[in-house]
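Asks: Using the sequences and the hints given, assemble the complete structure.
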Amino acid sequence: MVDFAVFVAPLVAGILTGYALRNRWHANVSRATFATILALIFSLGFSIGSNNDVLSSLPRVAWNAFFMAVLAIVFSVALVELVKRRVKLT
Amino acid sequence: MIKYILAALIVGVAAGYMTDYSGYAPASGWAVDLLFTGSLFLLLFMMGLSFGLDKEAILKLKQTGLRILIIPFTVAIGSILGGLVGGLILRLDLFASMAATAGFGWYTLAGPMMGQLFGAEWGAMGFAVNFIRELLTIVTVTWMVKVGKYAPIASGGATTMDTTLPAIVRYSGSDVLVAAFSSGFTLSLLAPFCIVAISTLGRLLFSVICL
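Respectively, the protein sequence lines represent chains A and B. If you use my numbering, the first sequence corresponds to residues 65 to 154, in order. If you use my numbering, the second sequence corresponds to residues 12 to 222, in order.
By construction, these hints were calculated from the structure, which means they are not laboratory data. The reader is advised that the hints may include incorrect statements.
[Claimed, not checked] Which stretches of chain A does chain B cover? Using the computed rule of at least three CB atoms under 8 Å from a CB of chain B, they are:
1) 70-80
2) 95-101
3) 105-118
4) 124-132
5) 135-148
Glycine included, every Cβ here is placed at the ideal spot set by N, Cα and C.
Replies: Here it is, written out as structure tokens:
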């Protein structure tokens, strides 16, 4: 439960702040967001690179990831095709 | 944009490897941990901010009718189901597998979140699953449109509001533009909630079994 609160709090705080400021503030947050993403991906890479067990498991991780991505796509497409007929989306 | 992200990942892996090799890992590891946690919370806050500031997103949703929301919710269920089946076949941690595919293609968020919640190996997995999903969506789009007008949108998941939107509109036609955007927007909003909810559920269930 701690994780849930810790991760959802900044997201909800952001949404509420954005919603409150939407008519007064016209900032473009995309550049700042991109800089944050680079810092974040660098630290993810660091945590992978500094762990020898993880480094040696990367080839297996890549194959598993490919398989999981294909399954996620196949199930998403198949379900949407099924549901589309039921609710008659044009 | 992709090349900068991959560069940051490679530089990070190299830096981590070198500090580990040279024995500086404990000291610098602490600083990078702080950067990791800090930037993840900052990203979640900023994504929330851009969702809250986006007036057009809600307008677009109203324009097409709320019925279109059936697509992103179906995609969410399909993706998580894909993770469950994948985890069963590969004999991996089922909750981690479902959380990994609940990134819906948003690898810059799912990778770091998975890393924080399930450790570095699942961080790599979360990044790779969703990165590959985005690549496959772009590569298969011409083939997907033959399956159905909404198939590329289902394949793209959260990425259909920005990165894969041009490719989808080019092959599915401009009449799916609003549907693609609305679906991607909704799934981007759902992704962080789903990842952390699946992880929390897994932990709760684990502690119940241990009792």
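Asks: None of the hints should be skipped; say for each whether it holds.
Replies: Now for the hints, and whether the structure bears them out:
Closer than 8 Å: that is the beta-carbon criterion, and the region 70-80 of chain A has 9 residues meeting it against chain B, so the requirement of 3 holds. For a cut-off of 8 Å, the count of residues in the region 95-101 of chain A with a CB near a CB of chain B stands at 5, and the three-residue condition holds. Here's how the region 105-118 of chain A fares: 14 of its residues keep a CB closer than 8 Å to some CB of chain B, so the rule of at least three is met and the hint holds. With 7 residues bearing a CB less than 8 Å from a CB of chain B, the region 124-132 of chain A meets the requirement of three and the coverage assertion stands.
Counting residues of the region 135-148 of chain A whose C-beta lies closer than 8 Å to any C-beta of chain B gives 13; at least three are required, and the coverage claim holds.
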